[in-house]
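*Asks:* Residues per chain are reported as follows:
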Amino acid sequence: MTREKSSASLSGAFYALLRRDLLLAFRRRTELLFPVIFLLVVVSLFPLGIGPGPQLLARIAPGVIWIAALLATVISLDGLFRSDFEDGTLEQFVISGHPLTLISLAKICAHWLVAGLPIVLLCPLLALWMNLPVESLGVLMLTLALGTPVLSLIGSIGVGLTISLKRGGQLLSLLVFPLYVPILIIATAAVMAASDGLPYTQFLGLLTAGLITSVTLAPFAAAAALKISLS
Amino acid sequence: MTTETAIQNKPRKNALVMFIHKMGSPPWFYNFSGKLVPWLWAVFCSLAAWALYLGLFKAPADYLQGESFRIMYIHVPSAWMSMMIYTSMAIMGFIALVWRIRIVEVLAMSSAPVGAAFTFVALASGSLWGRPTWGTYWVWDARLTSELVLLFLYLGVIGLYNAIDEPRKAARAACLLAIVGAVNLPIIHYSVKWWNTLHQGSSISVTGGSNIDPSMLWPLLIMALAVKFYYGANLLTRARVRLLEQDKRKAWVRKVIGEDKS
Numbered sequence: 001m002t003r004e005k006s007s008a009s010l011s012g013a014f015y016a017l018l019r020r021d022l023l024l025a026f027r028r029r030t031e032l033l034f035p036v037i038f039l040l041v042v043v044s045l046f047p048l049g050i051g052p053g054p055q056l057l058a059r060i061a062p063g064v065i066w067i068a069a070l071l072a073t074v075i076s077l078d079g080l081f082r083s084d085f086e087d088g089t090l091e092q093f094v095i096s097g098h099p100l101t102l103i104s105l106a107k108i109c110a111h112w113l114v115a116g117l118p119i120v121l122l123c124p125l126l127a128l129w130m131n132l133p134v135e136s137l138g139v140l141m142l143t144l145a146l147g148t149p150v151l152s153l154i155g156s157i158g159v160g161l162t163i164s165l166k167r168g169g170q171l172l173s174l175l176v177f178p179l180y181v182p183i184l185i186i187a188t189a190a191v192m193a194a195s196d197g198l199p200y201t202q203f204l205g206l207l208t209a210g211l212i213t214s215v216t217l218a219p220f221a222a223a224a225a226l227k228i229s230l231s
Numbered sequence: 001m002t003t004e005t006a007i008q009n010k011p012r013k014n015a016l017v018m019f020i021h022k023m024g025s026p027p028w029f030y031n032f033s034g035k036l037v038p039w040l041w042a043v044f045c046s047l048a049a050w051a052l053y054l055g056l057f058k059a060p061a062d063y064l065q066g067e068s069f070r071i072m073y074i075h076v077p078s079a080w081m082s083m084m085i086y087t088s089m090a091i092m093g094f095i096a097l098v099w100r101i102r103i104v105e106v107l108a109m110s111s112a113p114v115g116a117a118f119t120f121v122a123l124a125s126g127s128l129w130g131r132p133t134w135g136t137y138w139v140w141d142a143r144l145t146s147e148l149v150l151l152f153l154y155l156g157v158i159g160l161y162n163a164i165d166e167p168r169k170a171a172r173a174a175c176l177l178a179i180v181g182a183v184n185l186p187i188i189h190y191s192v193k194w195w196n197t198l199h200q201g202s203s204i205s206v207t208g209g210s211n212i213d214p215s216m217l218w219p220l221l222i223m224a225l226a227v228k229f230y231y232g233a234n235l236l237t238r239a240r241v242r243l244l245e246q247d248k249r250k251a252w253v254r255k256v257i258g259e260d261k262s
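Protein chains in written order, with our numbering: chain A, 1 to 231; chain B, 1 to 262.
Treat each hint with caution, since some may be false.
What the hints assert, rightly or not - Over the 12 Å line for every Cβ pair with chain B, so calculated as not near, a few chain A residues:
(1) 32
(2) 89
(3) 96
(4) 170
(5) 176
(6) 185
(7) 225
Stated by the list, open to error - BS3-like mimics (lysine-lysine), calculated; alpha carbons at most 25 Å apart, straight line:
(8) A:166 <-> B:169
(9) B:169 <-> A:227
(10) B:22 <-> B:248
(11) B:35 <-> B:255
(12) B:169 <-> B:22
(13) B:248 <-> B:228
No lab work stands behind these hints: they were computed from the structure. Small disclaimer: the values here were computed from a predicted structure and weren't measured. Note that CB positions come from ideal geometry on N, CA and C, so glycine has one too.
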């Protein structure tokens, strides 16, 4: 009986927090747009810097779009726990009795919906700019859909560790970029394989494995990091 | 508290437990490591001198690479150490987070600069070795790349530790980062390895062949052993200084410094 009650309140807390975070994000719409605009600007800089040759652009398109997605994610990550940390809400979450892991997971989900999903939805436009073959667009979208949650999940650990610092954002990129290396490699390899007409499902499988692993482990690490930062 | 009294009641029965227990106390650790450090330095110096003598004067020149292969005696032990120190740092970080032993926190954090230095030496010597053998200073070879990522991981740990003012909180945060990095390190290593074969094909093999003549192999093994003593000596020296700094207002440090003056 009590068990059922507590599990109900767990999912209740999860959805309540998710709803609250999404609501807060949509009340601050301009802030919501910054990472997206950043993504567009970064990708548009590449043709300007490298030259408009369609073949070269198509060749580097997966890498450029993915690196831009990494940068945009890191830019948006700082907001994941920042405002809750500064006004003391995070401490209230800790003493609320709900596991901090669950709270982190809810906040990570909200972050992905706000910062990761727009990247996935925008990628047809980016692919168009970068002259990516239409056949590989679907694969690019799939890799982004599977990979950007991992970026949010791993990034949450870095944010948890740097949250108590005033200028944590600069350190954050140093902490998380090395951890993003495998995702970048596998995702771009999938798109390149698709462009070359090679099989690519194994890469998507690896990305899914990465997603499952990080969903199960990263919230615990993020919660531990937050506890250290709040101590 | 109960375990402490239990240990104190029967100190002779488990000497090892007693020893580990005592090592958790900063003054005891400081004194013990102070006795150990000169020996570690001495063993390191003699082993390294022996290995360098064998490697630089006794070992014959490589038939393919000439004299330049002798960089191996610095490069390979450094690369091994860079991996080993990260592993030991992560294990110590785990112990520090679970049992909250301050000495282990200090040791884990003192490992990071040593490991970063070894990683840098491995990268720099590898780059210098690459010039005569591969014709270029830098190749996006799988090992070089994962070594570079390892350096970034070390820099992240050091950066995080230095950014947080309170030493214990900083150590705990950096220990957690070290553990996360250690979980990721194999994944990074294999993904980079596999990325390299995918993108440019492995035209270069770093080791060449596994058949090394004993006269070339022995100096390498002795050097590999010597740098472990270097790690121990450097680690303990750093940890001692860090402990003095953290405990500078405590009685035992005053006593130690007073003794040094007289």
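*Asks:* Work down the list of hints and note, for each, if the structure agrees.
*Replies:* Results of checking the hints against the structure:
1. 32: Consistent with the label, residue 32 of chain A stays out of reach of chain B, its closest Cβ about 28 Å off (over 12 Å).
2. 89: holds, 21 Å
3. 96: Nearest chain B Cβ is 23 Å from residue 96 of chain A, so the label holds.
4. 170: Check fails; 9 Å does not lie beyond 12 Å.
5. 176: Given a closest Cβ separation of 8 Å, the condition is violated.
6. 185: Since the minimum Cβ distance to chain B is about 4 Å, residue 185 of chain A lies within 12 Å and the statement is violated.
7. 225: Check fails; 6 Å does not lie beyond 12 Å.
8. A:166 <-> B:169: Roughly 15 Å separates the two Cα atoms, so the pair holds.
9. B:169 <-> A:227: The hint holds at about 10 Å.
10. B:22 <-> B:248: With Cα atoms ~20 Å apart, residue 22 of chain B and residue 248 of chain B stay inside 25 Å; holds.
11. B:35 <-> B:255: holds, 17 Å
12. B:169 <-> B:22: holds, 23 Å
13. B:248 <-> B:228: violated, 30 Å
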